[in-house]
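Generate the whole structure from the sequences, applying the supplied hints.
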Amino acid sequence: MNSMKKKMKLQGRNKGDNKDKDDDQKNFERIKISKHLKENKEILDPNLGINESFDIVCRDMKFANKNFALYFVNGFADSNIMTEILKELAKLAREELVPNTLKQIFETYLSHIQVEKILTINKAKEAILSGQLVMFIDLEQEALVIDVRKYPSRSPEEPDTERVVRGSRDGFTETLLFNTALTRRRIRDERLRMEILHVGDRSKTDICIAYLKDVADPGLVKLIKQKIEQINIDGLPMGEKTLEEFLVGKSWSPFPLVRYTERPDVASAHLLEGHVIIYVDTSPSVIITPTTYFHHLQHAEEYRQTPIIGTYLRWMRFIGIISSIFLLPLWLIYVLEPDLLPKTFDFIGPKKTSEIPIFYQFIIGELGLDVMRMAAIHTPSPLATAMGLIAAVLIGEIAIEVGWFVPEVILYLSVAVLGMYATPSYELGLANKIARMFLLFATYFFKIPGFVFGVTILLILLTSTRSLNTPYLWPFIPFNFHAFMAILLRKPVPFMNKRPSIVHPQNQERQ
Amino acid sequence: MVEKEGKNQQKEAKSKIWGFTLSIGLSAGVIWGLLSLLAYYLQFTDIGPSIYAKPFLNPDYVLKWQGHFIGVVFFIVYSVIATFIYTKFLVKFKGPWAGIIYGIILWGIVFFLLNPLLKLTKPVKELGLNTNSVMISLYILTGLFIGYSISVEFNTEDDS
Chain A
-4 MNSMKKKMKL QGRNKGDNKD KDDDQKNFER IKISKHLKEN KEILDPNLGI NESFDIVCRD
56 MKFANKNFAL YFVNGFADSN IMTEILKELA KLAREELVPN TLKQIFETYL SHIQVEKILT
116 INKAKEAILS GQLVMFIDLE QEALVIDVRK YPSRSPEEPD TERVVRGSRD GFTETLLFNT
176 ALTRRRIRDE RLRMEILHVG DRSKTDICIA YLKDVADPGL VKLIKQKIEQ INIDGLPMGE
236 KTLEEFLVGK SWSPFPLVRY TERPDVASAH LLEGHVIIYV DTSPSVIITP TTYFHHLQHA
296 EEYRQTPIIG TYLRWMRFIG IISSIFLLPL WLIYVLEPDL LPKTFDFIGP KKTSEIPIFY
356 QFIIGELGLD VMRMAAIHTP SPLATAMGLI AAVLIGEIAI EVGWFVPEVI LYLSVAVLGM
416 YATPSYELGL ANKIARMFLL FATYFFKIPG FVFGVTILLI LLTSTRSLNT PYLWPFIPFN
476 FHAFMAILLR KPVPFMNKRP SIVHPQNQER Q
Chain B
198 MVEKEGKNQQ KEAKSKIWGF TLSIGLSAGV IWGLLSLLAY YLQFTDIGPS IYAKPFLNPD
258 YVLKWQGHFI GVVFFIVYSV IATFIYTKFL VKFKGPWAGI IYGIILWGIV FFLLNPLLKL
318 TKPVKELGLN TNSVMISLYI LTGLFIGYSI SVEFNTEDDS
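Note that the protein sequences, when read in sequence, are chains A and B.
Read in the working numbering, the first sequence has 74 at position 79, and its numbers run on one by one without any break.
Every position in the second sequence, counted from 1, becomes a number in the working numbering once 197 is added.
In case anyone wonders, no lab produced these hints; they're calculated from the structure.
From a predicted model like this one, the values you see are computed outputs, not experimental measurements.
Among the hints, a few may not be true.
[Claimed, not checked] Computed list of lysine-lysine pairs in BS3-like fashion (alpha-carbon distance at most 25 Å, straight line): (1) A/K338 / B/K261; (2) A/K208 / A/K118; (3) A/K442 / B/K319; (4) A/K86 / A/K57; (5) B/K261 / A/K493; (6) A/K217 / B/K291; (7) B/K322 / A/K442; (8) A/K86 / A/K118; (9) A/K493 / B/K319; (10) A/K36 / A/K217; (11) A/K120 / A/K145; (12) A/K118 / A/K220; (13) A/K57 / A/K33.
Shown next, in the form of structure tokens:
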């Protein structure tokens, strides 16, 4: 009882503290830039920790007998541009600057494209921390923000997880600006909107929502914006994954509720269909919404080949994915109840038996393969060959010889795992694996009823899943004939002249 | 004139509803009918789709493949009828659960009402656990397929 009271008291106090803090924040936002350089410095220096942190720099300079203070982050400022600007300023004589120093500099002498005037200390602070150069001038009530940023970044490379044999080789990088430019390069439409939002009390991560204004569902855009604005978190170091968890809600479903892509061509194709794309700064993957299960089964490669080949590739992929889920439990049924086997398939079923029941062999195999997969991710490439050798020869062959595994188990496990790797979406591959384990357990404990009800429960769960108001199994359940056909067959692009109804496009016809 | 146009529009909307219902019914019949055939082939269940055609069928055919394929055709017809009934009376229910319950009710009608009446197959008690679980699952999924498709198409759902 006592402790509860104490807790409540504490909470109350915390609330009060927060209120004070908020007030401080508000006051701070209102502080205007003072006419005297010294006063500005007195507020900014302790606030930014000048002389405490080494990477935020305040450089005091004097041009044409006037005092200047330049604030910047030394890792972001491009020294070539800075030198150029400072050189120009150093050449100036006093007559050229007085009167109206700020106006003169802004309009004539500042040799840079992106320059902005600001009025408040808070804006100055934000600009400095985002990597821009902020220039305070003595006896001026405005400061200049000069965009001299150069973020450390790599150049666009083909993403590892979405390779194609033919087609563009550029991929998104960690810099938001590059990513939006790569998209804008593919869609030069004035109706393509890119709205920027900031998330994270401390990280102030940039997030960009891209959509076609006359196509995308305005309700969806509003919903996404609302959800992003509601996010209350200190930072997004894991980028789009953290954002996804805020977007689609706290869910224990293993299935991926949004689709990621690192390919600008895939992102553009979805934009044209009426999807909404979300970019997060510092991450090369962008989020495609709304997403259904079947979005995870498509791959850019199919659209790079002729329709027939594309359809064939897609069907092979479907067969791989279906067998990655159902093959093991199905075979387990016939091992447990051999009389049920259709006569055509009499030859299957383990001839030799091992000391270990088949079900446990599967479980051991699954776990072993996962350890191997994780090891493969972390192994540095010089050791990869050695690891492959260990995996193939030692574990595979010797495990059979010793009697841990029946050869057929290895065969079906390999087929299932191959099917998992053929899944275009890595996330869906992992989720399907969980579904497979669930079916294995259900089959082992309850035989055929277990398998059948397991599949039914899985389908019901998937059907009742909704991601951003979109039924997850569309167009299978709820059924939509045209969309379903578009999934079964890779149609020629000239025939795909209608946008999918699931995105609720404002105009159905593609131009 | 305006009235006429309004009437025409109403007519068009109505024919659109029934057209959609027909397409859902047909697809439901094809997909789940073939799946029940597959379950029979894999010997998960003792009763194939031929039971749906039994009252109309030459008894020689009932256990042969021709019989089962004809049975699938009958299943398609029945599922179209079931879909029309759903559109007519149950369209206002939202969410997937209405469809699931509809499926269970259909299963009850077929196996507890029609089965003893038309002697389609053995009584439910003697069918065994395997057959019964396969049949219930098939009806649940067919009901879910029909119910949820209709409900999403004709209701605007905005939860979550």
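Verification of the hints:
For a cut-off of 25 Å, the pair hint linking A/K338 to B/K261 stands: about 16 Å separates their Cα positions. A C-alpha spacing of about 30 Å is found between A/K208 and A/K118, which places the hinted pair above 25 Å, so the restraint is violated. Among the hinted pairs, A/K442 with B/K319 is consistent with the structure: their alpha-carbon atoms are about 22 Å apart, no more than 25 Å. For the proposed pair A/K86 and A/K57, the alpha carbon gap of about 12 Å is at most 25 Å, so the pair holds.
Our distance criterion of 25 Å between C-alpha atoms is broken by B/K261 and A/K493, whose separation comes to about 44 Å. Between A/K217 and B/K291 the CA atoms are separated by roughly 24 Å; this keeps the pair inside 25 Å, and the hint holds. The straight-line distance between the Cα atoms of B/K322 and A/K442 is roughly 19 Å, inside the 25 Å bound, and the hint therefore holds. Annotation: proposed proximity of A/K86 to A/K118 is violated, straight-line Cα distance about 29 Å (limit 25 Å).
In summary, the hint linking A/K493 to B/K319 is not supported, as the alpha carbons are separated by about 50 Å, beyond the 25 Å threshold. A threshold of 25 Å between alpha carbons decides the hint, and for A/K36 with A/K217 the separation of about 41 Å lies outside it, so the pair is violated. Using a Cα cut-off of 25 Å, the hinted pair A/K120 and A/K145 holds, with the two alpha carbons roughly 18 Å apart. With a CA separation close to 23 Å, the supplied pair A/K118 and A/K220 stays within the 25 Å bound.
Distance hint between A/K57 and A/K33 is fulfilled; the C-alpha atoms sit about 14 Å from each other, no more than 25 Å.
In summary, the structure is inconsistent with hints 2, 5, 8, 9 and 10 from the numbered list given earlier, while agreeing with the others.
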